[in-house]
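Q: Listed here are the chains, written in short residue letters.
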Amino acid sequence: MITIENLSISYGKEKRVIDALDLTISEGTINGIVGLNGAGKTTLLNAMYGLKSIETGGIKWNGEKITKKAVSYLVTEPYFYSNITGNEYLSLFKNKHFDVKKWNELFLLPLDQIIDEYSTGMKKKLAILSVIKQDKPIFILDEPFNGLDIETCRIIRSIVLGLKEKNKTIIMTSHIIETLTNLCDYIHYLEGGKIKYSKEKNEFKEFERELFENLENKSIKLITELLN
Amino acid sequence: MIVNLLNIRFKQFYREILRIGFFRNIVLLGISFMLLVFLYLQTNNFPNAMYASIIVLLLIIMLHTKRDDKIFLKINFSSHKWIYFIEYLFVSLVLIVFLLIHNFWEIALLTIAVLGIITQIDLKKNRTNYNTKIQKWIPDECFEWKSGVRNLFPIIVIIWLIGISFSFFVGSVPIALFILGIISLNFLEKGEPYQMIIAFEKKPNKFLSLKIKQQLAILSIISAPMIIVFQFFHSHLWYVPFIVYIVFCILQVYAILVKYSFYEPNSKSTAAQIFIGIGFVGLLMPIFAPLIILLSLRFYLKAKQNLSYYLNDYY
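Residue numbers (numbering that gives the first Met the number 0), protein chains in the order written: chain A, 0 to 227; chain B, 0 to 314.
What the hints contain is simulated information worked out from the structure, not anything from laboratory work. C-beta: ideal position from N, C-alpha, C; glycine also. Incorrect hints may have been included.
BS3-like cross-link-like pairs, simulated, lysine-lysine; straight-line CA separation at most 27 Å [what the hints assert, rightly or not]:
#: 1; chain 1: B; residue 1: K205; chain 2: A; residue 2: K51
#: 2; chain 1: B; residue 1: K202; chain 2: A; residue 2: K64
#: 3; chain 1: B; residue 1: K201; chain 2: A; residue 2: K135
#: 4; chain 1: A; residue 1: K193; chain 2: A; residue 2: K51
#: 5; chain 1: B; residue 1: K301; chain 2: A; residue 2: K12
#: 6; chain 1: A; residue 1: K95; chain 2: B; residue 2: K132
#: 7; chain 1: B; residue 1: K132; chain 2: A; residue 2: K101
#: 8; chain 1: A; residue 1: K122; chain 2: B; residue 2: K201
#: 9; chain 1: A; residue 1: K59; chain 2: A; residue 2: K165
#: 10; chain 1: A; residue 1: K122; chain 2: B; residue 2: K69
#: 11; chain 1: B; residue 1: K189; chain 2: A; residue 2: K132
#: 12; chain 1: B; residue 1: K301; chain 2: A; residue 2: K68
#: 13; chain 1: B; residue 1: K205; chain 2: A; residue 2: K67
#: 14; chain 1: A; residue 1: K51; chain 2: A; residue 2: K122
#: 15; chain 1: B; residue 1: K205; chain 2: B; residue 2: K267
#: 16; chain 1: A; residue 1: K93; chain 2: B; residue 2: K201
#: 17; chain 1: A; residue 1: K67; chain 2: A; residue 2: K122
#: 18; chain 1: A; residue 1: K100; chain 2: B; residue 2: K135
#: 19; chain 1: A; residue 1: K67; chain 2: B; residue 2: K303
#: 20; chain 1: A; residue 1: K93; chain 2: B; residue 2: K303
#: 21; chain 1: A; residue 1: K93; chain 2: A; residue 2: K64
#: 22; chain 1: A; residue 1: K93; chain 2: B; residue 2: K205
#: 23; chain 1: A; residue 1: K68; chain 2: B; residue 2: K212
#: 24; chain 1: B; residue 1: K80; chain 2: B; residue 2: K65
#: 25; chain 1: A; residue 1: K122; chain 2: B; residue 2: K135
#: 26; chain 1: B; residue 1: K205; chain 2: A; residue 2: K132
Derived CB-CB ranges, DEER-like [to be verified]:
#: 27; chain 1: B; residue 1: N311; chain 2: A; residue 2: E13; range: 24 to 34 Å
#: 28; chain 1: A; residue 1: D115; chain 2: B; residue 2: I7; range: 25 to 35 Å
#: 29; chain 1: B; residue 1: N3; chain 2: A; residue 2: K101; range: 49 to 59 Å
#: 30; chain 1: B; residue 1: N265; chain 2: A; residue 2: K101; range: 28 to 38 Å
#: 31; chain 1: A; residue 1: G56; chain 2: B; residue 2: F12; range: 36 to 46 Å
#: 32; chain 1: B; residue 1: L215; chain 2: A; residue 2: E63; range: 32 to 42 Å
#: 33; chain 1: B; residue 1: N24; chain 2: A; residue 2: L225; range: 41 to 51 Å
#: 34; chain 1: A; residue 1: T119; chain 2: B; residue 2: L58; range: 27 to 37 Å
#: 35; chain 1: A; residue 1: D115; chain 2: B; residue 2: N3; range: 27 to 37 Å
#: 36; chain 1: A; residue 1: N213; chain 2: B; residue 2: L58; range: 58 to 68 Å
#: 37; chain 1: B; residue 1: W104; chain 2: A; residue 2: T119; range: 48 to 58 Å
#: 38; chain 1: A; residue 1: G27; chain 2: B; residue 2: P264; range: 28 to 38 Å
#: 39; chain 1: B; residue 1: E263; chain 2: A; residue 2: G56; range: 19 to 29 Å
#: 40; chain 1: A; residue 1: K64; chain 2: B; residue 2: F76; range: 45 to 55 Å
Using the sequences provided together with the hints, build the complete structure.
A: In structure tokens form, the structure reads like this:
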């Protein structure tokens with residue numbers, strides 16, 4: 000179980016992005032974090048991976064401070080060292096049981112080619128392979144479907160469900176809310192640095208409808224004003 | 000437009016200065032002052048003034064061919080070549096002023112003219128990659144070498160072969176070692192994504208010592224045949240290639256420590272490049288050697304501290 004208590008994170012002295020946030024995530028579940036741009040989703044994920052200094056509070060996994068040893072982290076826009084091949088990149092992550100060739104049958108990546116020649120989608124697939132290879136108890140996936148075709152999105156979806164079967168805990172974000180509501184067990188809505196709602200996916204659909212109606216009404220009002 | 004861009008450049012420069020920190024700025028100022036005095040003295044007589052000018056122009060050509068913002072400038076500014084010219088004029092301003100003070104106005108004008116020619120060079124980055132069996136011998140963890148050798152394979156092989164084949168000339172092996180040393184220092188200029196550091200799953204001092212060991216092992220494997228062949232022809236000067244080899248070993252260690260002191264994922268640190276440049280110049284002038292060793296100790300602590308941000312869970 001992941002327990003986040005009273006977590007606060009600021010950028011500089013003024014801008015508090017996460018503000019006394021509390022959240023509990025059960026083991027072996029798929030969790031979606033949603034929120035508007037700048038709500039602090041990536042900051043929260045970075046903090047869970049230990050890449051953001053925490054002001055107050057803490058993040059615990061099974062009662063102890065969460066560490067990188069427990070987390071496989073997929074970043075939104077993966078970056079790779081130039082002039083190395085996909086195989087060379089994957090070989091940096093140690094996992095004797097991971098069969099690169101078999102896994103690559105899903106993605107069909109040219110692993111002997113240098114990564115600079117890959118398309119954006121291919122780079123994302125390579126990053127996903129590296130994250131799966133790390134095979135840690137917690138998977139944090141920041142926008143895993145960005146830049147991928149429908150076929151690959153389906154494959155990722157199946158992989159996420161498979162990881163859940165193996166009792167892995169998955170935390171993911173996506174701008175496509177339908178993807179999360181279809182896939183996740185729980186959805187956590189982040190606003191003003193706090194988790195405003197944590198709901199099971201079926202309950203969230205009602206909340207989502209209300210939320211987007213409100214946001215849309217606001218925008219329509221403003222657009223009408225601006226255009227007049 | 001050009002004034003606005005120069006304004007941005009000054010702001011970028013100011014931010015880099017702030018990032019370097021007070022202590023290192025003082026060291027940097029001290030070394031820069033000594034280099035300026037050295038340049039002033041060297042530009043006092045004819046052949047040296049010309050050599051100084053050639054060296055500065057070569058450095059600017061290197062800068063021009065390597066800079067990453069060329070496409071950005073080309074797309075956004077119709078007068079991008081003027082921008083290059085004014086920037087390079089700023090960089091070489093001190094040299095030009097020294098040349099004028101010493102009445103070498105022909106060399107000063109020629110330098111400015113060559114700067115103009117450099118701005119016209121539009122080299123496309125060669126995307127050819129050389130996948131040979133040699134790269135498979137390089138451990139995957141030495142990705143800097145894998146990447147560098149893949150990019151510069153023909154140059155490295157040609158220099159190495161020339162060094163060996165012409166080893167009956169006394170200068171051949173030391174010069175080849177020197178050039179290969181400089182090339183391998185360049186491999187360290189780019190910061191890898193942090194995932195590649197975390198993948199090592201080691202605490203910072205172990206990570207640094209592994210990097211240093213691997214770097215020196217590869218450099219030794221490349222250098223050893225040349226040093227051995229040199230001994231057959233010039234046994235009375237046996238120490239010369241050893242000195243060049245040791246200088247570059249020290250520089251490699253220094254460069255690794257500097258790289259991780261200023262490490263930021265996925266980027267080239269200007270501060271690191273400046274300090275590696277200073278280390279290089281410093282070791283060529285024996286007066287600076289103790290300073291480089293002292294700086295290495297300082298950078299070791301800084302690198303450990305900087306890496307602990309990524310490797311803090313592996314203690």
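Q: Each of the hints needs a verdict: does it hold here or not?
A: Hints, verified against the model:
1. Taken as a hint, the K205 of chain B and K51 of chain A pair is honoured in the structure, with Cα atoms around 23 Å apart against an allowance of 27 Å.
2. Between the alpha carbons of K202 of chain B and K64 of chain A the distance comes to roughly 18 Å, so the proposed pair stays at or under 27 Å and holds.
3. Between K201 of chain B and K135 of chain A the alpha-carbon distance is near 17 Å, which keeps this suggested pair within the 27 Å criterion.
4. Distance restraint check for K193 of chain A and K51 of chain A: the Cα-Cα separation of roughly 17 Å lies within the 27 Å cut-off, and the hinted pair is therefore satisfied.
5. For the given pair, K301 of chain B sits about 25 Å from K12 of chain A by alpha-carbon distance, which is consistent with the 27 Å threshold.
6. For the suggested pair K95 of chain A and K132 of chain B, the alpha carbons sit about 24 Å apart, so the restraint of at most 27 Å is met.
7. The suggested pairing of K132 of chain B with K101 of chain A holds, with an alpha-carbon distance near 24 Å, which does not exceed 27 Å.
8. With a C-alpha separation of about 26 Å, the suggested pairing of K122 of chain A with K201 of chain B holds against the 27 Å cut-off.
9. Straight-line distance between C-alpha atoms of K59 of chain A and K165 of chain A comes to about 21 Å, which keeps the hinted pair within the 27 Å bound.
10. The suggested pairing of K122 of chain A with K69 of chain B holds, with an alpha-carbon distance near 24 Å, which does not exceed 27 Å.
11. A threshold of 27 Å between alpha carbons decides the hint, and for K189 of chain B with K132 of chain A the separation of about 25 Å falls inside it, so the pair holds.
12. With a C-alpha separation of about 24 Å, the suggested pairing of K301 of chain B with K68 of chain A holds against the 27 Å cut-off.
13. Pair hint K205 of chain B plus K67 of chain A holds up; C-alpha atoms about 17 Å apart against a cutoff of 27 Å.
14. At most 27 Å may separate the alpha-carbon atoms for a hinted pair to count; K51 of chain A and K122 of chain A meet this at roughly 25 Å.
15. Taking the CA atoms of K205 of chain B and K267 of chain B, the gap is about 23 Å. The hint holds against a cut of 27 Å.
16. For the suggested pair K93 of chain A and K201 of chain B, the alpha carbons sit about 13 Å apart, so the restraint of at most 27 Å is met.
17. The straight-line distance between the Cα atoms of K67 of chain A and K122 of chain A is roughly 22 Å, inside the 27 Å bound, and the hint therefore holds.
18. This hinted pair checks out: K100 of chain A and K135 of chain B have alpha carbons roughly 18 Å apart, not beyond 27 Å.
19. Straight-line distance between C-alpha atoms of K67 of chain A and K303 of chain B comes to about 18 Å, which keeps the hinted pair within the 27 Å bound.
20. Distance check on the hinted pair: K93 of chain A and K303 of chain B sit about 23 Å apart at the alpha-carbon level, within 27 Å; holds.
21. The suggested pairing of K93 of chain A with K64 of chain A holds, with an alpha-carbon distance near 23 Å, which does not exceed 27 Å.
22. A threshold of 27 Å between alpha carbons decides the hint, and for K93 of chain A with K205 of chain B the separation of about 17 Å falls inside it, so the pair holds.
23. For the hint pairing K68 of chain A with K212 of chain B, the CA-to-CA distance comes to about 25 Å; that is within 27 Å, so the pair holds.
24. The suggested pairing of K80 of chain B with K65 of chain B holds, with an alpha-carbon distance near 15 Å, which does not exceed 27 Å.
25. With a CA separation close to 22 Å, the supplied pair K122 of chain A and K135 of chain B stays within the 27 Å bound.
26. With a C-alpha separation of about 23 Å, the suggested pair K205 of chain B and K132 of chain A falls inside the 27 Å cut-off, and the hint holds.
27. Roughly 27 Å separates the CB atoms of N311 of chain B and E13 of chain A, a value that falls within the hinted 24 to 34 Å.
28. Taking 25 to 35 Å as the suggested C-beta distance range, the pair D115 of chain A and I7 of chain B conforms, at roughly 28 Å.
29. At about 55 Å, the beta-carbon gap between N3 of chain B and K101 of chain A stays in the expected band of 49 to 59 Å.
30. The given range of 28 to 38 Å is respected by N265 of chain B and K101 of chain A, whose C-beta atoms sit roughly 30 Å from each other.
31. For the pair G56 of chain A and F12 of chain B, the supplied restraint of 36 to 46 Å holds, since their beta-carbon distance comes to about 39 Å.
32. Take L215 of chain B and E63 of chain A: their Cβ atoms lie about 38 Å apart, and the range 32 to 42 Å holds.
33. As the Cβ distance of N24 of chain B to L225 of chain A is approximately 48 Å, the hint placing it in 41 to 51 Å holds.
34. Against the hinted window of 27 to 37 Å, the Cβ-Cβ separation of T119 of chain A and L58 of chain B comes to about 35 Å, which satisfies the hint.
35. Between D115 of chain A and N3 of chain B the beta carbons are some 32 Å apart, a value that agrees with the proposed interval 27 to 37 Å.
36. In this structure, N213 of chain A and L58 of chain B meet the distance hint of 58 to 68 Å, their C-beta atoms being roughly 60 Å apart.
37. Between W104 of chain B and T119 of chain A the beta carbon distance is about 53 Å. The supplied range of 48 to 58 Å therefore holds.
38. The hint said 28 to 38 Å for the Cβ distance between G27 of chain A and P264 of chain B, and at roughly 31 Å that hint holds.
39. The hinted window of 19 to 29 Å between E263 of chain B and G56 of chain A holds, with their beta carbons roughly 27 Å apart.
40. About 50 Å separates the C-beta atoms of K64 of chain A and F76 of chain B, a value consistent with the hinted range of 45 to 55 Å.
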